[in-house]
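So the sequences go chain by chain: A and B.
Numbering-wise (my numbering), the first sequence opens with residue 1 and increments by one.
Numbering-wise (my numbering), the second sequence opens with residue 1 and increments by one.
Residues on chain B that point at chain A, a partial pick, calculated with CB under 8 Å:
id : residue
1  : M1
2  : K2
3  : S16
4  : L332
5  : G333
6  : R336
7  : P410
8  : V411
9  : L414
Treat the hints as calculated values from the structure; they're not laboratory data.
Ideal placement from N, C-alpha and C gives every residue a C-beta, glycine not left out.
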Amino acid sequence: MVIHCEHLVKVYKTAAEFRALDDVSLDIKKGDFISIMGPSGCGKSTLLNILGLLDEPTSGEYLLNGQPTAHMKDGLRSRTRRDHIGFIFQSFNLMPKLSVLQNIALPMRYGDMPRSEILPRARELLKRVGLEDKADNTPQQLSGGQCQRVACARALANRPEIILADEPTGNLDSKSGADILELLQELNRGKMTIIMVTHDEKIAAGAQRIIRMKDGKIV
Amino acid sequence: MKLPDLISTGWAEIRSHKMRSFLSVFAIAIGIATFFYTLSVLSQRYRDIDRSAQISGKGRVDTFIEKPLSMDQYNMLLRTLPEGSSLSLRTGNYITNAIYKGRVLNDFAIQGVLPSFQDSAFVFDVEGRFFNWKDIENKHRVAVIIVYPRDKEKRDFTRYLFHEPGTEQTPLADLVKRVNLLNQQISINGQSFTVVGILRAPTVEKDFRIARDMEHNQYIFIPYSTWYDIIPSWRDYFETFIRVVTGSESKTGKAVSSLSSFLRSQFGSDFDPIINPFRFQLKFARQQAWINLRSMIFIGLIAMIAGGIGIMNITMAVIFSRTREIGIRRALGASRWDILFQFLVEALLLGLCGAALGMVLGYLAILHMADNADQMTFSWWVVAAAVLLALATSFVFALYPAYQASKLKPVDALKYE
Numbered sequence: 001m002v003i004h005c006e007h008l009v010k011v012y013k014t015a016a017e018f019r020a021l022d023d024v025s026l027d028i029k030k031g032d033f034i035s036i037m038g039p040s041g042c043g044k045s046t047l048l049n050i051l052g053l054l055d056e057p058t059s060g061e062y063l064l065n066g067q068p069t070a071h072m073k074d075g076l077r078s079r080t081r082r083d084h085i086g087f088i089f090q091s092f093n094l095m096p097k098l099s100v101l102q103n104i105a106l107p108m109r110y111g112d113m114p115r116s117e118i119l120p121r122a123r124e125l126l127k128r129v130g131l132e133d134k135a136d137n138t139p140q141q142l143s144g145g146q147c148q149r150v151a152c153a154r155a156l157a158n159r160p161e162i163i164l165a166d167e168p169t170g171n172l173d174s175k176s177g178a179d180i181l182e183l184l185q186e187l188n189r190g191k192m193t194i195i196m197v198t199h200d201e202k203i204a205a206g207a208q209r210i211i212r213m214k215d216g217k218i219v
Numbered sequence: 001m002k003l004p005d006l007i008s009t010g011w012a013e014i015r016s017h018k019m020r021s022f023l024s025v026f027a028i029a030i031g032i033a034t035f036f037y038t039l040s041v042l043s044q045r046y047r048d049i050d051r052s053a054q055i056s057g058k059g060r061v062d063t064f065i066e067k068p069l070s071m072d073q074y075n076m077l078l079r080t081l082p083e084g085s086s087l088s089l090r091t092g093n094y095i096t097n098a099i100y101k102g103r104v105l106n107d108f109a110i111q112g113v114l115p116s117f118q119d120s121a122f123v124f125d126v127e128g129r130f131f132n133w134k135d136i137e138n139k140h141r142v143a144v145i146i147v148y149p150r151d152k153e154k155r156d157f158t159r160y161l162f163h164e165p166g167t168e169q170t171p172l173a174d175l176v177k178r179v180n181l182l183n184q185q186i187s188i189n190g191q192s193f194t195v196v197g198i199l200r201a202p203t204v205e206k207d208f209r210i211a212r213d214m215e216h217n218q219y220i221f222i223p224y225s226t227w228y229d230i231i232p233s234w235r236d237y238f239e240t241f242i243r244v245v246t247g248s249e250s251k252t253g254k255a256v257s258s259l260s261s262f263l264r265s266q267f268g269s270d271f272d273p274i275i276n277p278f279r280f281q282l283k284f285a286r287q288q289a290w291i292n293l294r295s296m297i298f299i300g301l302i303a304m305i306a307g308g309i310g311i312m313n314i315t316m317a318v319i320f321s322r323t324r325e326i327g328i329r330r331a332l333g334a335s336r337w338d339i340l341f342q343f344l345v346e347a348l349l350l351g352l353c354g355a356a357l358g359m360v361l362g363y364l365a366i367l368h369m370a371d372n373a374d375q376m377t378f379s380w381w382v383v384a385a386a387v388l389l390a391l392a393t394s395f396v397f398a399l400y401p402a403y404q405a406s407k408l409k410p411v412d413a414l415k416y417e
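With the rest of the complex left out, here is chain B:
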């Protein structure tokens, strides 16, 4: 029998037993919905991690030391790194003392950064300018402020609950939304700074940085050398984030060893900082995404097996009730293969319907349950995998009953009442 005839025969059978068919389809659909949901969320997460890797630059290495690094040390370290590397330092400690036009600001942190801060995971639109190396060299009193978009702002009710009259403070996040601080003066630690730039952060949906990069703290940046200069008394417990972007994954190993030996040369041979190539962070992020979702895959697998058993059960029942029909078809010239294919095609059609229904249910689940559902883009491979999985399950579980049907002797099947 030709495939179109097998399909039309199978479809007619499915339609003539609507409830029975629906139950098989539904069982498969539950499994497919779980898989579709999980794979879609997982692939979206992986895509985000890939985008994060792209904006972070190739061959990135991060470390954190509980020591200060001077600009001389910065220059020495830069010379030991692979050619073309970008080296960025950022203070780990915060200053939280700032005043704008007599208003005490709160809920923010001031950090010292270098112009090379822009070389990795820099997702901001700059209004005004960012720091340049002259600011660093001359220890300019300039500042750059991050402004986050209003859309994802959450109300902090505790602010009103713990409000004490007479101690009015202005959260910086509120101020920057109301007042454009560009070219305005703010006082930090008693010294006057000019705001030369505003960094406008993207909305959460468009921020592709991985979690470690994606801090949503309210920052005021000042030049690293200036920070280092205005708080000399903090040198004993100074913290520094060090970031190297080599531009190539192949240079990562060299960067790690250069960084490690430089830090030992400066702080003693037993100094042993944890140096993280960024690809390990990405790997960790991928593993974390998989760990978060693998239990869903397991549930999906169980549901698929249940669906498969449903198909098997129904195919066996169908064969039992259609034994005489099998005999007639055999008498009219159907071979064992024809009978086998007929039942397999019927099961595959049920599987296909299950895949379609499952994907609709999975899509609805994504809309209502997944984070950032509006950002979800669906991959063709997830759809293909869902369809293949449904077909494979139907095929495997229908094979045994279909084989049993094909083995029936025509004469015995014809006698069956």
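Same shape as in the complex, but just chain A:
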């Protein structure tokens, strides 16, 4: 089991207490391709952030590759995030001042990879997403679909086992959305675990399993 969650609860203490996640239990095996669907505010992104170690649950247990994450110190949490998880965001989250190639290289710079291997690996990934001629462009010079492909390449930089995609097609036209889905499916065929949050039924249907959420619970 790559991901094992039991009774995850996330409470935001604002003016009133808000339970973004309410007793969520979930098992995900290696090589699964899962879509999480649900209305806005149902807790999809909160769940994804907790699975990606960007946030911590208020209570409950989350085991990543059999390892409890509850009391991980920041260093180990960051290393785990860097080595095991790749993120794809709806708004791409590319660094506007860096070139496409440098954006892809960025996660590797936080790792132990020798400096001489970083740019060749980034070029290889860029080729894999079909943008090898855009290496020196900045993100502003690319279309939305191209930006998301760069983000996919960046997510793959440190050879993670899990890809977490938060509405990866949300800002794209249907053709580009379909391209990204195809890319994710291709990665999944290579035994990569993919967890994708989406609103789009058609995109969600591309996954092996759909998890539906409502009011912080899996329904």
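Keeping the supplied structure of chain A fixed, place chain B upon it in accordance with the hints.
Just chain B now, with coordinates in the frame of chain A:
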């Protein structure tokens, strides 16, 4: 993230915000310039004092008494001093009456000295010869004249303003520049003296004596015993400079006590001259140099704090505007330390640029403001201290904002618009 990546990331950020970066760098540079200037001038002054100590000889003791000392007393005193000591006497009073080929000389002083005058702070090149002990023993009518180099000569316009026709006098300084007086006769107090030596003084830049030694009065020296002989009527108000050079700092205490007890034995038990070991004079000179410059250090410190606050302010603003970027970096695997280091390295780079600019400004200030700027030699430690100070200031003032940045939760930073 590895250091080269941190540096290139930091440098790219600095370059992409040129005006903001320049203001931080400039604030640091002002402080560094002040420090660089002050420390350079101070270290140069200390170096000069050290050189002065070297040429003055080790274990020097000076005193001044308003009494005459005869050559018999000289010999008695020398026997009480630590072995190997040099003892030099010099008259404190002046004779100012001399004539050369019918020309009345002025603007000079005649002093009696001993051959041991050469044993301390003797920076002169000798043309001819200096006195020997035979001159002293036989009270020879010989003279030695100091000639100062022409380069630092200042025009004395008052000489022309107060000129009275019919009273032509020749300043000795002018005469020695025009006429080589070596082996010439001059009349002092009505007695004829032969000039046996010319002492050529170094230029001001090459004269490393401390201020007390560095008199630039125009002197004619004659043997101490001769001076003492030709003005017998002055014995009642005779003044004597006494200088002992023991050759070792450890003998200084003994020299002071010997000198003190000898003078008491000669002039009464309540006779209490001020006896100055030369190292106290050097210490005083060092203290004086520090006192003259410490206010500059204080101004530099204030400027550095202002520069540091500038760096802090800008780092905080940078973090505010780059919160989302911090979130992205955290999502991609950056740890808290990575974020902390990234902002610290950026601030340190600003500090380094500030140090470089500050040293250039400091150097220009030295060229235009410092005394003897052309003599200034720059110490590596001043450069190192300036760089370290700039780095330390940047580090200290960037630490808090960088720590705040590292504490941001990835999920919150990512949501920041």
